[in-house]
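Heads up: the sequence lines are chains A and B, in that order. Quick note: the first sequence uses the numbering used here, first residue -1, plus one each step. Quick note: the second sequence uses the numbering used here, first residue 17, plus one each step.
Everything labelled a hint here was simulated from the structure, so no lab data went into it. Backbone N, C-alpha and C define an ideal beta-carbon position, used for all residues, glycine too. Please note that the accuracy of each hint is not assured.
[What the hints assert, rightly or not] Residues from chain B shown here face chain A by an in silico Cβ test under 10 Å; the list is partial:
| no. | residue |
| --- | --- |
| 1 | W23 |
| 2 | L88 |
| 3 | N122 |
| 4 | I158 |
| 5 | V205 |
[What the hints assert, rightly or not] Stretches of chain B that chain A covers, calculated by requiring three or more beta carbons in the stretch to come under 8 Å of a beta carbon on chain A:
| no. | region |
| --- | --- |
| 6 | 48 to 57 |
| 7 | 143 to 149 |
| 8 | 197 to 203 |
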Amino acid sequence: MTDYIVPILLLSASLLALRKQENSYDLLLGGASDGLKLLVSLVPTLILLLTAVTMLRASGAMEAISSCLSPVFRFVGIPPETAMLVLIRPISGSAALAVGADLMAQYGVDSLVGRTAAVMLGSTETTFYTISVYFGAAGIKKTRYTLPAALFADFVGFFMASVTVKLLM
Amino acid sequence: MVMSWIWTGMVAVSFLAAAFLGNGGALSAAIPQGAQEGLLLAISLAGSICLWTGVGKLMEHAGLTGLLSKLLRPLLGRLFPSAKKDVHLENCLSANVCANFLGLGNAATPMGIQAAQRLAQGQKGIASNELCRLIVLNTASIQLIPANVAAVRASLGCSSPFDILPAVWVTSLCSAGLGVTAAWLLGKVWKK
Chain A
-1 MTDYIVPILL LSASLLALRK QENSYDLLLG GASDGLKLLV SLVPTLILLL TAVTMLRASG
59 AMEAISSCLS PVFRFVGIPP ETAMLVLIRP ISGSAALAVG ADLMAQYGVD SLVGRTAAVM
119 LGSTETTFYT ISVYFGAAGI KKTRYTLPAA LFADFVGFFM ASVTVKLLM
Chain B
17 MVMSWIWTGM VAVSFLAAAF LGNGGALSAA IPQGAQEGLL LAISLAGSIC LWTGVGKLME
77 HAGLTGLLSK LLRPLLGRLF PSAKKDVHLE NCLSANVCAN FLGLGNAATP MGIQAAQRLA
137 QGQKGIASNE LCRLIVLNTA SIQLIPANVA AVRASLGCSS PFDILPAVWV TSLCSAGLGV
197 TAAWLLGKVW KK
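With these hints in hand, go ahead and build the complete structure from the sequences.
Right, here's the structure in full:
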């Protein structure tokens, strides 16, 4: 079933565009060249952050952090190998992508850790960044309970990622 | 500035750990290797980012965003009662949520910011309950197709990179749902 979701989405978007007399091919092309600009801005970030993440792993720091936190993670039911990802995900999106890609490569894409990392990346956001952008733009000084509630949502995401990977995959 | 702290922190922690554990050789070997892996990761994402930015534009013009926002209107009215009295706010809110859902980050943020500014009007810099809910909703992304993650998985040889979709949907629904519920409960007890 999941095999058909993405093709169906592509087909229905193309058909709907044709029905509305939109030039779907030109839209796709225009979007793709915008995507290229986005990619160019992403390349330097990914190079720097993957360097830092690879350093963390090679130095043994990543393992030390994971094993320090592993009692807590085991208690909650989240794979301890994902500790670094859980710590960095709310702070930086590109760093989380770097850590997640590294985890998938190390443990295998279809391993429990690799899949949990993928679901975590796909279902959470860069909380601190989002909060600062929105409140900054809206001129809010007192954020009240936003941060605790948002971090709670992140925690639910990390926890549910571990549960759904075991149950649904 | 935040990223400078993160970067320096990561390098400093690596250095200290390597010095303490005697992993200096591995650490210095990791530097060029990591840089190369960064470029490889970017290349493995390239096709997918371009394609999905294109598909995003197509979905927008094909009217999928409009269709979705009609479906979401009743739910948004409950979460954001002010939107019932303010058409512009309602449009911004539904555009923000729909764009997030379809993975159009570039379109979602400006709309969300407009909605936030409207919700912040006359509040003297204090976040209202509705504004807090909007931001919690935005920090707990609900995304239909996590294309970047799927691209990374495909580049690592995964035969069906999209098989994580059901797990991602259930997870993000739970996280957004419980996050907004927590915000709603906290809004009742938290003083202004």
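Evaluation of the provided hints:
no. : hint       : result
1   : W23        : 6 Å, holds
2   : L88        : 18 Å, violated
3   : N122       : 8 Å, holds
4   : I158       : 8 Å, holds
5   : V205       : 9 Å, holds
6   : 48 to 57   : holds (count 7)
7   : 143 to 149 : holds (count 3)
8   : 197 to 203 : holds (count 4)
Comparing the model with each numbered hint stated earlier shows that hint 2 is the single one that does not hold.
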